[in-house]
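A.B. asks: Residue strings, one per chain:
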Amino acid sequence: MNVSRQWLEAFLRRRLDSTDVAWRLAMLGAPVDAIEPVGVDLSAFVVAVVLEVRQHPDADKLRVTLVDDGSGTISNVVCGAPNVKAGAKYPFARLGTVMPNGMKIERRTLRGEVSDGMLCSARELGLGEDHDGLLTLETDAAPGAPLTDVIDGGDERLIVDVTPNRADLLGHKGIARELAASLGVPYRLPDIAGEAALDLPTPARFGDEAPVGGIRLAIDDRDGCPRFLAGVIRGVRIGASPEWLQRRLAAVGVRAINNVVDATNYVMFELNQPMHAYDAATLRGSAIVVRAARGGERITTLDGIDRAIPPGTLVIADADRPIGVAGVMGGRATEVTNTTSDILLECAAFDPVRVRRARRALGLSTDASHRFERGTDRWGAVDAFRRCIRLIVTVAGGALDGPAVDCFPAPTHPPRIFLRPSRVAQVLGVDLSWSTIENQLVAIGATIVSKPDDGRIAVDVPGWRPDITSEIDLIEEVARLYGYDRLPTDLGAFRPGLREDDPAWGVMERIRLALAGHGLSEVVTLPMVAAAGAGAPKVLNPLSAEHRVLRDALLPSLVHQVEANWAMQTADVRLFEVGAVFNLAANDGVPTETLRAGFVVTGSRAPAHWTDGGTARAWDRWDALGLFRRLIDLAHPAATIQVEAGEWIARDAAGAMAGRCGSCLADAPPWASAVFGGEITVVFDGMPTPAFRPLPVYPAVTRDLALLVKVDQTSAVVTQLLTDRGARHGLESVSVIDEYRGKALAAGTRSIAVRLVFRSAERTLTDPEVEQAIARLRTSLERELDVTIRST
Amino acid sequence: MTTPSDPASLDVLRQRLAAVASLDAAALAAEEIAVLGRKQGELTHQLKALATLALDEKRARGAALNALKLEFEAAVVARRAELAHAASAAEARDIDLTMPGRQLWVGTRHPVTVVIDEIVAIFREIGFAVALGPEIENEERNFGALNFPPDHPALDMHDTLYLDPRGAEWPVGERLLLRTHTSPVQVRVMRAGPPPYRVVIPGLAYRNDPFDASHAPAFAQIEGLAVDEGVTFVDLKATLTHFARRFFRPDVKVRFRPSFFPFTEPSAEMDVSCAICGGIGCAACKGTGWMEILGGGMVHENVLRNCDVDPERYTGFAFGMGPARMAMLRYGLPDIRLLYGGDMRFLSQFGAAGR
Chain A
5 MNVSRQWLEA FLRRRLDSTD VAWRLAMLGA PVDAIEPVGV DLSAFVVAVV LEVRQHPDAD
65 KLRVTLVDDG SGTISNVVCG APNVKAGAKY PFARLGTVMP NGMKIERRTL RGEVSDGMLC
125 SARELGLGED HDGLLTLETD AAPGAPLTDV IDGGDERLIV DVTPNRADLL GHKGIARELA
185 ASLGVPYRLP DIAGEAALDL PTPARFGDEA PVGGIRLAID DRDGCPRFLA GVIRGVRIGA
245 SPEWLQRRLA AVGVRAINNV VDATNYVMFE LNQPMHAYDA ATLRGSAIVV RAARGGERIT
305 TLDGIDRAIP PGTLVIADAD RPIGVAGVMG GRATEVTNTT SDILLECAAF DPVRVRRARR
365 ALGLSTDASH RFERGTDRWG AVDAFRRCIR LIVTVAGGAL DGPAVDCFPA PTHPPRIFLR
425 PSRVAQVLGV DLSWSTIENQ LVAIGATIVS KPDDGRIAVD VPGWRPDITS EIDLIEEVAR
485 LYGYDRLPTD LGAFRPGLRE DDPAWGVMER IRLALAGHGL SEVVTLPMVA AAGAGAPKVL
545 NPLSAEHRVL RDALLPSLVH QVEANWAMQT ADVRLFEVGA VFNLAANDGV PTETLRAGFV
605 VTGSRAPAHW TDGGTARAWD RWDALGLFRR LIDLAHPAAT IQVEAGEWIA RDAAGAMAGR
665 CGSCLADAPP WASAVFGGEI TVVFDGMPTP AFRPLPVYPA VTRDLALLVK VDQTSAVVTQ
725 LLTDRGARHG LESVSVIDEY RGKALAAGTR SIAVRLVFRS AERTLTDPEV EQAIARLRTS
785 LERELDVTIR ST
Chain B
76 MTTPSDPASL DVLRQRLAAV ASLDAAALAA EEIAVLGRKQ GELTHQLKAL ATLALDEKRA
136 RGAALNALKL EFEAAVVARR AELAHAASAA EARDIDLTMP GRQLWVGTRH PVTVVIDEIV
196 AIFREIGFAV ALGPEIENEE RNFGALNFPP DHPALDMHDT LYLDPRGAEW PVGERLLLRT
256 HTSPVQVRVM RAGPPPYRVV IPGLAYRNDP FDASHAPAFA QIEGLAVDEG VTFVDLKATL
316 THFARRFFRP DVKVRFRPSF FPFTEPSAEM DVSCAICGGI GCAACKGTGW MEILGGGMVH
376 ENVLRNCDVD PERYTGFAFG MGPARMAMLR YGLPDIRLLY GGDMRFLSQF GAAGR
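Chains as they are written, first to last, in my numbering: chain A, 5 to 796; chain B, 76 to 430.
Extracted from the complex, chain A is given alone in its bound form (with noise of 0.2 Å):
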């Protein structure tokens, strides 16, 4: 909402600081994003006092004067104005200064008189339209010091961030009530300059039908418009605002069109009440009717645009077609023009619901919607109108035809509504006395209707406040006006929560510790992508095609993100990311989320060191798959990883996919190393316990054996065996060491090292018993993988 400080000046009769204003609305709730300064710059002109009048030699008009403008230097300045004395101070413009409008002030020479500046008239200043003279300074200020210390130059735009709830802060009156409880003073609507004497009676209470100049009004659809005003004024001249006007519309950015037109965009932004004005010997068949739009209709707007018309829109008809939108904007053909000569003048209440509505079907936003969608006062709409009446006829002429007319055919109150003292304490924790609360709720408009009885009060609440509707408003409302800052901020005594933290938390937690400690880096990435598989969700209204479907993985942003570190020369990139993926579900294709972590790894193992000669080995598989076991250990401590398809894939207990792990795809720039990455699914039930076991007691005895195995046989099998037949000889544990294939193995083999931990709870073991256990793993290997020992 644009707010014109002058206007509110006009309704508080004070001047005020735009700062201060800021300050006041923002504690109650409606804070300024931005005061812009409107109109003019003054900030360019200086007070300056003339010394000396004489009258040019050579022209009768104009005046040759000496000048004081405070800078040490006296100027000889010609002036043409009549009024200009010596001893009094003017607005100056020194050499340099550009005028607003657009001219720049240097030394001219008139006449043989040479002129060194401009003493300035309101209207050179962009103040007004008032060129009988000089603009005469009545102020104290010595010669230099700033024109704006001394005139209210331009005024001041300041934009209100109004929340939705406060239809009543879209008019300045809104504005101004709430200025007026914060400051303590009373407030009133401005004068209308030069007000035309007009006999106003109160219109008309009719139902849902009425005639009014002639024209039937007719209201079809109740539910729609639950009161329409309309009046007809004849004979208005169409044409320029007054500047006055003019002025208040630049100031909350509204382009000035004709007197008429402007005269409702005024008492729209003094009174939030939208109004429109028909030209109306345009309208066919002498009728106006609020109606639901009927198929195929269609509609030319104001701003020029043909629309279709969605059935069931509430429109404005004269008796063959739609000439306005409800709530939204009126139609082309029945707009005033400059050959207009009577109006018809529409002053409704519609439903926020079917304005909002109408407004998203035809994409077309309004201020008239904007305030229709927020609420207006259905019951301050007689005032409004009644004060656009008098606007127009004062400015653009004209005579009322018979009586306005005022259909309300379901009469309405505003909401009576029982507030408790004692609920006003439960819920903001200070007990205020009965005198405060009543304060509080008199500074919003509201009416007391009785003193506390049987623990509550009623209250009528303004019909400006349409989102006061149940006690818990009213609460706030005292809240508000009461002041938040004047409320403690001690911290009281409190019951803890029963419930624990998600467990998810504590697992997320600690995989981000350990990745992070491990030396990769966490990454956000943003789970809507451009492509993901068959199985995941798409978003029904993306932005984007970049953003059209969300992720069911995270391997491919990580490897995305990896390609983007390389587009920035930068080699070495280690991150994680953990994060939900999506997917329909396999029975009824519901999107579905799962948690997930992921990691991906390209560059340097560890940064390069001298003793390396500054080459580091890069990252491999087997850092990958090690870095993907800690993963898994952290995150899924039941899955298991198998080799399948050539890469690693964890399983879950029930034998589900849970994860995989290996190198990945990248488009990578030749200097570029190989790109290794794994993602598992977390689960965050039943995470074990470690359970202790006793520290051994006797020492350990390692031997190393170098197997001869078939290039198909795998190592796990190898070393599956030696644990099983192992494990009653005291084999604690088997590590794969080494392996080596070459020429001087025979074909189709190669060697595995592996080491051999054995040990006893009860004693120390013997050699000769180690060699016994390692013969009868030789006889299991040789027997039953036919893979026999190449050396001990």
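I should point out that these hints are in silico values taken from the structure, not numbers from a laboratory.
Hints are supplied without guarantee of correctness; some may be wrong.
Ranges between beta-carbon positions, derived for each pair [to be verified]:
| hint | chain 1 | residue 1 | chain 2 | residue 2 | range |
| --- | --- | --- | --- | --- | --- |
| 1 | B | Leu172 | A | Pro700 | 25 to 31 Å |
| 2 | A | Ala575 | B | Leu172 | 27 to 33 Å |
| 3 | A | Arg127 | B | Gly362 | 49 to 55 Å |
| 4 | A | Arg364 | B | Asp284 | 16 to 22 Å |
Where is the CB? At the ideal position from N, CA and C, for every residue including glycine.
Following the hints, complete the assembly by docking chain B onto the known chain A.
C.D. replies: This is chain B only, laid out in the frame that chain A set:
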């Protein structure tokens, strides 16, 4: 060898003790055997000889000998350490110790994660636990239960991303969307059991916003909920003021302003004094001296009712804030998109100590 009763033998031993500090490695080893050795050591010998003495004498001399033995042992250990240190220093003289050490990659948590963890930690101190919920929600929990009337302008603040039903018919209210705030988790918490509730809810939220310097279509939010008998608006103000002092600095100034959210009433926004200009007004705070950091209020009666909590018996507050914005303020980030990229040059800046 002195006799056990010879007082002079103690003096000799004391002199040898004093000399330990200047022995070289070989002499130290020899002296240790000569004095403390289990078979021929002088002190060992004298201690054994105590047995031959009268009780009085035995007691006095035994104490002296034992004390001396401890001192001697300590002196040998100290001298040995000294010699070892000198030896390694000598070795080190031949090495250029200014050569760089072998470095480790330093991993980092995301700056927004760091901020979230800090926020969670502060609220944990005052009795809050962490609650989480899914990012796919239905309209009812995201809007309806939270007192958003259908066709209300308040919905304009939440440009919603809906999920494609792929031909299926989702009834109104059951339509699936990406949650526009973490608040539906409030509904889930309240519907899971009776009060008291005291939870903080971190998570991602989604809006159909363009991806530009100050907007992202998915962003972190953290939300709080406290409902019990006797929880008041003053408690909200006190809790959030405490939070601001702990998160920013103890002398931070806070300002509570009325605001509007459909799911709270009374509603408030909290500003803190601008850390950049100290409250004078600067570009970062749009000249106001204040930075808006969170919104909150008393849980709306309708929300409590929608979650089967009796609003006459229980009252509570809720609040929410954007950790990404707080991270941008803290670290001076110019563009929110930095937080959604994996640029190592950016991420690696957050691995140092501090916060």
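A.B. asks: Compare the structure with each hint and give your call.
C.D. replies: Cross-check of the supplied hints:
no., hint, result
1, Leu172(B) <-> Pro700(A): 25 to 31 Å, "40 Å, violated"
2, Ala575(A) <-> Leu172(B): 27 to 33 Å, "30 Å, holds"
3, Arg127(A) <-> Gly362(B): 49 to 55 Å, "33 Å, violated"
4, Arg364(A) <-> Asp284(B): 16 to 22 Å, "18 Å, holds"
Checked against the numbered hints listed earlier, the structure breaks hints 1, 3; every other hint is satisfied.
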